[in-house]
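Asker: Here is what each chain is made of, one letter per residue.
2 protein chains.
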Amino acid sequence: MPAPIRREITGFSNPTVKYLRSLRDKKHRKRERVFLAEGLRLLTDARECGHVPQMLVMAAGRDPHPLVDALEQAVASVGGEIIVTRPDILSKITGKDNPQSVAGVFAEFDTSLAALDRSKATIWLVAQALRDPGNLGTMLRTGDAVGAGGLILLDDCADPFSVEAVRASMGAVFTQRIARATWQEFLPWLRGGDGQLVAASLREAVPYRGAPYAAPCFVMVGNESQGLPEDYELACDLRVTMPMKGRADSLNAAVAAAVLAYEVLAALDS
Amino acid sequence: MPAPIRREITGFSNPTVKYLRSLRDKKHRKRERVFLAEGLRLLTDARECGHVPQMLVMAAGRDPHPLVDALEQAVASVGGEIIVTRPDILSKITGKDNPQSVAGVFAEFDTSLAALDRSKATIWLVAQALRDPGNLGTMLRTGDAVGAGGLILLDDCADPFSVEAVRASMGAVFTQRIARATWQEFLPWLRGGDGQLVAASLREAVPYRGAPYAAPCFVMVGNESQGLPEDYELACDLRVTMPMKGRADSLNAAVAAAVLAYEVLAALDS
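Protein chains in written order, with my numbering: chain A, 1 to 270; chain B, 1 to 270.
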């Protein structure tokens, strides 16, 4: 295989740098149908899951590393571009003071519900109107840990392809399926096959420990400040309640999803 | 009781506004030994827990509300100051685009280990070198939910009194005890009384479900990227492991603390 061809960029005003920086903005990501991910470990995870960036951006002057070589080869073999630039330019691109030494531009995935195969996993996570990209990425990371099939984003959620969400997912954005749908699309899809919809709720709920979870189990959490709309809760097959010993009546959304998902995992695994 | 005396501030360059804005900076908070909290619900929680702000800042032109009246009375009764200002100035103070209509300046709490009474609760959370104020606030919120006594911050953690941590704690900063210590201070303190130190670990660990938890149980998590130092793990009385079904080998720190803490709660409650 021939050596990968690298292109060097030394100026902030270079159009490629402008393009890359524009990908921090949802509007531009949407138009280009790509997203940015950073870090050697994350890009290696992506490669091992079959996701190779269209464009690989590397800091000049970094030490050689076999995993970087492997990334370069993979990008070259699919006809992608390899850019070498200054660390401070890379920092501007990813918006991080202490940038990772590599970043990649990936094609956005198909996020249609129709592309999900619910038989592939016993747990699926569902988030409704989740606004915080950190929470969203954390849910992806938790989904990976519990062996979930993916994360279904209902209504107006944060963008799973934002730099913040990708970062918080710690690579799970590449291992978890992601679907986006409205509630009006999701409910008929769910009822068109097997699937138990579960949410934490205070309405006629049973204790979350020992509840009759069934696979495939769809664990749903709601918006950070509003929680789930009442009709969404009422459409659930199972409403469960977690102990709240203090003054607060709710958990952080990503925390609630994780506590519940680990309980479901224990129930379905045993 | 006489009506509280309000002082009106209309300019950004007012020294009080400068003082309030400076509290977004850790250095200034430390020097003044105070911190900022915002939101009517949060300030009401604080008041009901016996924490009254030294200074209450309110947006001009807000609708009357009995809880705001109660706050004003409480502040007046302790000789505190009440400031009325423009919403855009309040927004600058809290650094939030969509500001809450009230904010308060609170005296920092005593965060010495010696002030903790371990017999007050069966669960305590411990974080080591936690860098993200959002994670820290989320741990406080989880601590409140599981009925923990408080959060012990080891080594170089984010500031629990930062606006971000206070916000993420959803008021739990007022219900949970907070202590700060080095590992060298913490371990002798812990061993000076009852207490089981537990951490999630891959080293000679037992499954986290059904592990022999004992009260008071100190649930410890480590730094977001490094995890716990090896000697901290080895000093634990119990090392537990959580299923990791995917590619990742760890959870978000606040998520790990919550999954573990809910397991401990179930074990100690039954």
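Just so you know, these hints were derived from the structure itself, not from any lab.
Given the structure is predicted, the values throughout are model-derived calculations rather than measurements.
Virtual Cβ for every residue (Gly too), placed ideally from N, Cα, C.
Treat the hints loosely; a few may be bogus.
Quick list of in silico lysine-lysine cross-link-like pairs, DSS-like style, CA-CA up to 30 Å [said to hold, decoys possible]:
no. : chain 1 : residue 1 : chain 2 : residue 2
1   : A       : K18       : B       : K26
2   : B       : K96       : A       : K30
3   : A       : K92       : B       : K92
4   : A       : K96       : B       : K26
Derived coverage of chain B by chain A (criterion: at least 3 residues anywhere in the stretch with Cβ under 8 Å from a Cβ of chain A; other residues may be distant) [said to hold, decoys possible]:
no. : region
5   : 162 to 173
6   : 225 to 236
7   : 240 to 248
8   : 251 to 265
Asker: Is the straight-line distance between the alpha-carbon of A:K18 and that of B:K26 30 Å or less?
Answerer: Status violated; Cα separation ~34 Å.
Asker: According to a criterion of three or more residues whose C-beta lies within less than 8 Å of a C-beta of chain A, is the region 251 to 265 of chain B covered?
Answerer: holds (count 8)
Asker: Does the structure keep B:K96 and A:K30 at a Cα separation of 30 Å or less?
Answerer: holds, 26 Å
Asker: When I compare C-beta atoms, does the region 225 to 236 of chain B have three or more residues closer than 8 Å to chain A?
Answerer: violated (count 0)
Asker: Against the 30 Å threshold, does the CA-CA distance of A:K92 and B:K92 hold or violate the hint?
Answerer: holds, 25 Å
Asker: Compare the distance between the alpha carbons of A:K96 and B:K26 with 30 Å, and conclude whether the hinted pair is satisfied.
Answerer: holds, 21 Å
Asker: Confirm or reject the coverage of the region 240 to 248 of chain B by chain A under the rule of 3 or more residues with a beta carbon closer than 8 Å to the chain's beta carbons.
Answerer: holds (count 7)
Asker: Tell me if chain A covers the region 162 to 173 of chain B under the three-residue, 8 Å CB rule, please?
Answerer: Per the Cβ count (4), the hint holds.
Hints 1 and 6 from the list above are not met by this structure, while the remaining hints are.
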